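Novice: Read off the chains here:
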Amino acid sequence: MSETTIPIPSGAVASERGTYLETIHSWIVTVDHKKLGIMYIVYALLFLVIAGVEALLMRIQLSAPNLHFLSPQTFNRMFTMHGTTMVFLVGMMILFGFGNYLIPLMIGARDMAFPRLNAFSFWLSAFAGMLLYFSFIGGSGLPGTGTAPDVGWFAYAPLTERAFSPGHTIDYWTVAILANGIGSIGTSINILATVFCMRCKGMTLMRLPLLAWIYATMSFLTLVAISPLTAAQAMLMMDRYLGAHFFDTQAGGSAILWAHFFWIFGHPEVYVLVLPAFGFANEIIPVFSRKAIFGYPAMVAASVGIAFISLSVWAHHMFTIGMTSYGNAFFTLSTMLVSVPTGIKIFNWLATLWGGRIRFQTPMLFAIGFLFQFLIAGLTGIMLSISAWDWQLHNTYFVVAHFHYVLVGAIIFMIFSALYYWYPKMTGRMLDERMGKWHFWLMVIGFHMTFDLMHIPGLLGMPRWIYTYGADRGWGTLNMLVSIGGGIQGIAILLFVINMVWSYFKGPHAGPDPWDAWTLEWSTASPPPVYNFAREPVVESRRPLWDLKHPEDPDSAFD
Amino acid sequence: MDSELRVISRVFIRRLKFVATALVLWPVMAAASPSTSIFSTQSTPAREVNGLAFFVLGITAAIFVAVGALLVYALVKFRARADDVAEPPQVFGSMQIELSWTIIPILIVTVLFLGTARVLFSVQDAPKPASALDVTAVGHQFWWEYHYPQYNITAANELHIPVGQGTTGRVTYLKLTSADVIHSFWIPQLGGKTDMLPNRVNEMWIDPAKPGLYLGQCGQFCGTQHAKMLLRVSVDTPEDFAKWIAGQQKAAVELPASGANSTGDAIDAPTGQRVFEQQACINCHTVSGTVANGRFGPDLTHLMSRATLAAGAMDNTPGNLKGWITNPDDYKTGSLMPAMHLTEKQYAQITAYLQTLK
Ligand code: HEC
Ligand SMILES: [Cu+2]
Numbered sequence: 001m002s003e004t005t006i007p008i009p010s011g012a013v014a015s016e017r018g019t020y021l022e023t024i025h026s027w028i029v030t031v032d033h034k035k036l037g038i039m040y041i042v043y044a045l046l047f048l049v050i051a052g053v054e055a056l057l058m059r060i061q062l063s064a065p066n067l068h069f070l071s072p073q074t075f076n077r078m079f080t081m082h083g084t085t086m087v088f089l090v091g092m093m094i095l096f097g098f099g100n101y102l103i104p105l106m107i108g109a110r111d112m113a114f115p116r117l118n119a120f121s122f123w124l125s126a127f128a129g130m131l132l133y134f135s136f137i138g139g140s141g142l143p144g145t146g147t148a149p150d151v152g153w154f155a156y157a158p159l160t161e162r163a164f165s166p167g168h169t170i171d172y173w174t175v176a177i178l179a180n181g182i183g184s185i186g187t188s189i190n191i192l193a194t195v196f197c198m199r200c201k202g203m204t205l206m207r208l209p210l211l212a213w214i215y216a217t218m219s220f221l222t223l224v225a226i227s228p229l230t231a232a233q234a235m236l237m238m239d240r241y242l243g244a245h246f247f248d249t250q251a252g253g254s255a256i257l258w259a260h261f262f263w264i265f266g267h268p269e270v271y272v273l274v275l276p277a278f279g280f281a282n283e284i285i286p287v288f289s290r291k292a293i294f295g296y297p298a299m300v301a302a303s304v305g306i307a308f309i310s311l312s313v314w315a316h317h318m319f320t321i322g323m324t325s326y327g328n329a330f331f332t333l334s335t336m337l338v339s340v341p342t343g344i345k346i347f348n349w350l351a352t353l354w355g356g357r358i359r360f361q362t363p364m365l366f367a368i369g370f371l372f373q374f375l376i377a378g379l380t381g382i383m384l385s386i387s388a389w390d391w392q393l394h395n396t397y398f399v400v401a402h403f404h405y406v407l408v409g410a411i412i413f414m415i416f417s418a419l420y421y422w423y424p425k426m427t428g429r430m431l432d433e434r435m436g437k438w439h440f441w442l443m444v445i446g447f448h449m450t451f452d453l454m455h456i457p458g459l460l461g462m463p464r465w466i467y468t469y470g471a472d473r474g475w476g477t478l479n480m481l482v483s484i485g486g487g488i489q490g491i492a493i494l495l496f497v498i499n500m501v502w503s504y505f506k507g508p509h510a511g512p513d514p515w516d517a518w519t520l521e522w523s524t525a526s527p528p529p530v531y532n533f534a535r536e537p538v539v540e541s542r543r544p545l546w547d548l549k550h551p552e553d554p555d556s557a558f559d
Numbered sequence: 001m002d003s004e005l006r007v008i009s010r011v012f013i014r015r016l017k018f019v020a021t022a023l024v025l026w027p028v029m030a031a032a033s034p035s036t037s038i039f040s041t042q043s044t045p046a047r048e049v050n051g052l053a054f055f056v057l058g059i060t061a062a063i064f065v066a067v068g069a070l071l072v073y074a075l076v077k078f079r080a081r082a083d084d085v086a087e088p089p090q091v092f093g094s095m096q097i098e099l100s101w102t103i104i105p106i107l108i109v110t111v112l113f114l115g116t117a118r119v120l121f122s123v124q125d126a127p128k129p130a131s132a133l134d135v136t137a138v139g140h141q142f143w144w145e146y147h148y149p150q151y152n153i154t155a156a157n158e159l160h161i162p163v164g165q166g167t168t169g170r171v172t173y174l175k176l177t178s179a180d181v182i183h184s185f186w187i188p189q190l191g192g193k194t195d196m197l198p199n200r201v202n203e204m205w206i207d208p209a210k211p212g213l214y215l216g217q218c219g220q221f222c223g224t225q226h227a228k229m230l231l232r233v234s235v236d237t238p239e240d241f242a243k244w245i246a247g248q249q250k251a252a253v254e255l256p257a258s259g260a261n262s263t264g265d266a267i268d269a270p271t272g273q274r275v276f277e278q279q280a281c282i283n284c285h286t287v288s289g290t291v292a293n294g295r296f297g298p299d300l301t302h303l304m305s306r307a308t309l310a311a312g313a314m315d316n317t318p319g320n321l322k323g324w325i326t327n328p329d330d331y332k333t334g335s336l337m338p339a340m341h342l343t344e345k346q347y348a349q350i351t352a353y354l355q356t357l358k
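Quick mapping for you: the protein sequence lines, in order, are chains A and B.
Taking the numbering used here, the leading residue of the first sequence gets 1, the next gets one more, and so forth.
Taking the numbering used here, the leading residue of the second sequence gets 1, the next gets one more, and so forth.
By construction, these hints were calculated from the structure, which means they are not laboratory data.
Since this is a predicted model, take the numbers as computed values, not measurements.
Be aware that a few hints might be false.
[What the hints assert, rightly or not] Just the calculated beta-carbon pair ranges, DEER-fashion: (1) 136(A) - 134(B): 43 to 49 angstroms; (2) 77(B) - 472(A): 23 to 29 angstroms; (3) 136(A) - 333(B): 45 to 51 angstroms; (4) 125(B) - 117(A): 50 to 56 angstroms; (5) 333(B) - 130(A): 29 to 35 angstroms.
[Stated by the list, open to error] Residues of chain B placed beyond 12 angstroms of chain A at every Cβ, according to the derived structure: (6) 68; (7) 110; (8) 117; (9) 223; (10) 268.
[To be verified] Residues from chain A that keep clear of chain B, each with C-beta distances beyond 10 angstroms, as calculated: (11) 49; (12) 178; (13) 266; (14) 351; (15) 536.
Every residue gets a Cβ at the ideal spot worked out from N, C-alpha and C, and that includes glycine.
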């Protein structure tokens, strides 16, 4: 961080276009948090499409009993790559992208605390994605016979040991996740340092936008959670190549050890992904309800509370692995406790809506979808926390439906909401509302058709990870409907991609503050100049722009 | 009057239950096979879990209706109208209200936890009766092996156990382990999953109420053919079970060489046995009472007592049997049994032999 301030020409933003080569070069060498943020987001959207296609291929294969559309091997690769991609390359990347883009703007800073670390983290994570997908070509180490990892996204040992997974697919998976993890750690450190050290004058921790609070919490959680994952990957590599026996059961190693390591990472990871979605909701729901967020301190406490509790619930993924009744009881209770702070959040959002003047523009539509779907996801989550019932539900399509309710119904819906909300800030253009509404309704129909119905085959005994099933099981009709719903979601997302491209060139100009919002990012031009703010802002409340717009009734009077 | 009401409500509840069951079960009822629904329970552990499940479903449904209704109400009531001019009054929070929606969830959690704990302890820590049947089940990539230590029997893929309830009922205690990677033993009608881990023994018990066929399948991804690692459990009456045990305890025999022309051309069982025993088949398969004593694949001593082949992948017909040993990949791509590249005649001979393994 340098102390000198460069004199900035006020107003005029250099808008001269360079050659294509210059433009590409400027993106590659950039350390600007906004450009990096956008690169994260674009990169993640690219992988969203890839992983989405993988999902559709699986849905075609499962749409009727005994199909031969994909071979068993290909199907197994598809679900492994779909899961790994969605969690590490889509979820993490897009959320870090928003964090990078928004946090400095929201706290009145000119960049992240460590701009170069920021670029390093992005490129490292991007490299990890390439490495993972390179396994399609180089997986088995022989030209022309490439394969991808096929062990499921949580890659239970000892299936990943060399005895059961020869070749190099697991190596690509392991090293990609290791590298991606290092990128995540870099970004987390950066976000923490930025939130705690780079706030503008007057922005105390109790005036911090909730989104920044949540990103700090999420970064802390990432730091804690990625360590065991990285350790586990290192141990796996030692098993595979240095003759260690951590998970090598044939030599006395432990299969459960991997499960513990993975889920100590894996469960907090769910909250790493869902907390930013809460953060978006905390910014978007108030603006479109025209009311301040209800219970700000409780919202902060609930986020931090969720993060802490989430560190003690991992073994609810292992209720069938043979824990004692006391172990099962402990993890049932700790898991259920998460529902208390989560409940606080839902009720506070409800109270924010209450008495407001709700505007149903596209960002808000997605946020409303999020509220209902997250409610349902929370309730099926409670069902799964009932360890005795989980003996039946574990590893079935009920679980698959539940976590897609969280990941798509809550997180992806909130990501769409955030994209509609902040796209004008990032590009200077509004997204088309009419296409937005079509996108929303198609998405809602497709989502519910797919994931509501998907619970039922689970209850009827259909396990996950199977590439086909017999006609006599009676799962065919339901799976056909689920697959059709998947297709509808695919169309919705295609429409969204078209909207983004079209609006980039043809959308109406946004101006600095299209939503009449209250946080600092809306006080500067859209897109913001490299230096973000011509003058460093000074704030006196949680909603500096409200104070500006309502001098007769400023928040700062109550602060 | 009062009793009339009771009758009406009872009829109503019965209808409701019927409709609900029909809704959940229609795909299964349409099909011919036994149900794998977690709601059509046939054993005590499954039934206890199911009772808990309905209790939890009731509570979560109530929460959903209450919160969902509030959300809908708020969205309709507080929507922006064309004539709105000013911003609505700003409210920043309320200690009492927030406290109440912290405490109510805590109470609900307490109730749910106590309900769960009761079932957990009653299922997991139930004392084992002295009369219990012991079975050790071993998961393999992609088939199941069963040992009955009390009877000195080894069987594969199709588990036979006695009825577990009633005066002649006998509870089955399973010890679960694995020979390679993690698998999970799951028959929804009889109980929840229990994982089979290498280097570790897990336990579960079941006491099926009725004789019949019960289906399930492996519940943990275990490799290429996880999907065709199907489970079949035949629950027998005590007499049938005793008969089955007696049958399994018989060893196979070396068949006498077939008469004068033992050139190896005849397509019959004795020739088939010799071909079988000269191939690598015997390194992987056991036929007790003969030289075949491999342990890598399923025990074939009583192959013909099973209704399916290769863990439920196909029916046990002569055609399928011959097709399977000719090229296992045609039926179960990626299974760990290799195609042996013998001649058409040799396969016919082996098939003739295998069909004598009753
Ligand atoms: C490398 C070891 C190996 C060899 C050699 C081998 N098998 Fe197998 N066999 C297996 C395995 C493993 C299975 C279980 C496959 C599955 O269900 O996924 C199996 C399954 C079978 C089954 C079905 C058993 C059942 O219970 O459904 C038959 C029959 C069989 N083998 C016959 C043969 C014959 C005949 C030969 C020789 C021509 C042979 N096998 C050679 C490993 C072997
Ligand atoms: Cu298995």
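Novice: Against each hint, give a clear statement of whether it holds in the structure.
Specialist: Do the hints match the structure? See the list:
1. Against the hinted window of 43 to 49 angstroms, the Cβ-Cβ separation of residue 136(A) and residue 134(B) comes to about 48 angstroms, which satisfies the hint.
2. For the pair residue 77(B) and residue 472(A), the supplied restraint of 23 to 29 angstroms is violated, since their beta-carbon distance comes to about 51 angstroms.
3. With their beta carbons about 20 angstroms apart, residue 136(A) and residue 333(B) fall outside the hinted range of 45 to 51 angstroms.
4. Judged by the Cβ atoms, the range 50 to 56 angstroms given for residue 125(B) and residue 117(A) holds: they are separated by roughly 52 angstroms.
5. The beta-carbon spacing between residue 333(B) and residue 130(A), approximately 30 angstroms, falls within the hinted interval of 29 to 35 angstroms.
6. A Cβ of chain A approaches the Cβ of residue 68(B) within 12 angstroms, the least distance being about 7 angstroms, so the stated non-interface status is violated.
7. Non-interface status of residue 110(B) relative to chain A is broken: a Cβ of that chain comes within 12 angstroms, the nearest being about 9 angstroms off.
8. Look at residue 117(B): its CB is around 5 angstroms from the nearest CB on chain A, not clear of 12 angstroms, so calling it non-interface is violated.
9. Its beta-carbon lying about 6 angstroms from the closest one in chain A, residue 223(B) breaks the requirement of being farther than 12 angstroms from that chain.
10. For residue 268(B), the requirement that its beta carbon stay farther than 12 angstroms from each beta carbon of chain A is met, with the minimum near 34 angstroms.
11. With a closest Cβ-Cβ approach of about 26 angstroms to chain B, residue 49(A) is found to remain outside the 10 angstroms limit, as its non-interface label requires.
12. Non-interface call for residue 178(A) relative to chain B: holds, since the shortest CB-CB distance, roughly 22 angstroms, exceeds 10 angstroms.
13. Residue placement check: residue 266(A) keeps its beta carbon more than 10 angstroms from all beta carbons of chain B (closest about 15 angstroms).
14. Separation of residue 351(A) from chain B is inadequate, the least Cβ-Cβ distance of about 7 angstroms not exceeding the 10 angstroms criterion.
15. Once the 10 angstroms rule is applied to beta carbons, residue 536(A) is consistent with being away from chain B; the minimum gap is 27 angstroms.
Hint compliance for this structure: hints 2, 3, 6, 7, 8, 9 and 14 are broken, all remaining hints hold.
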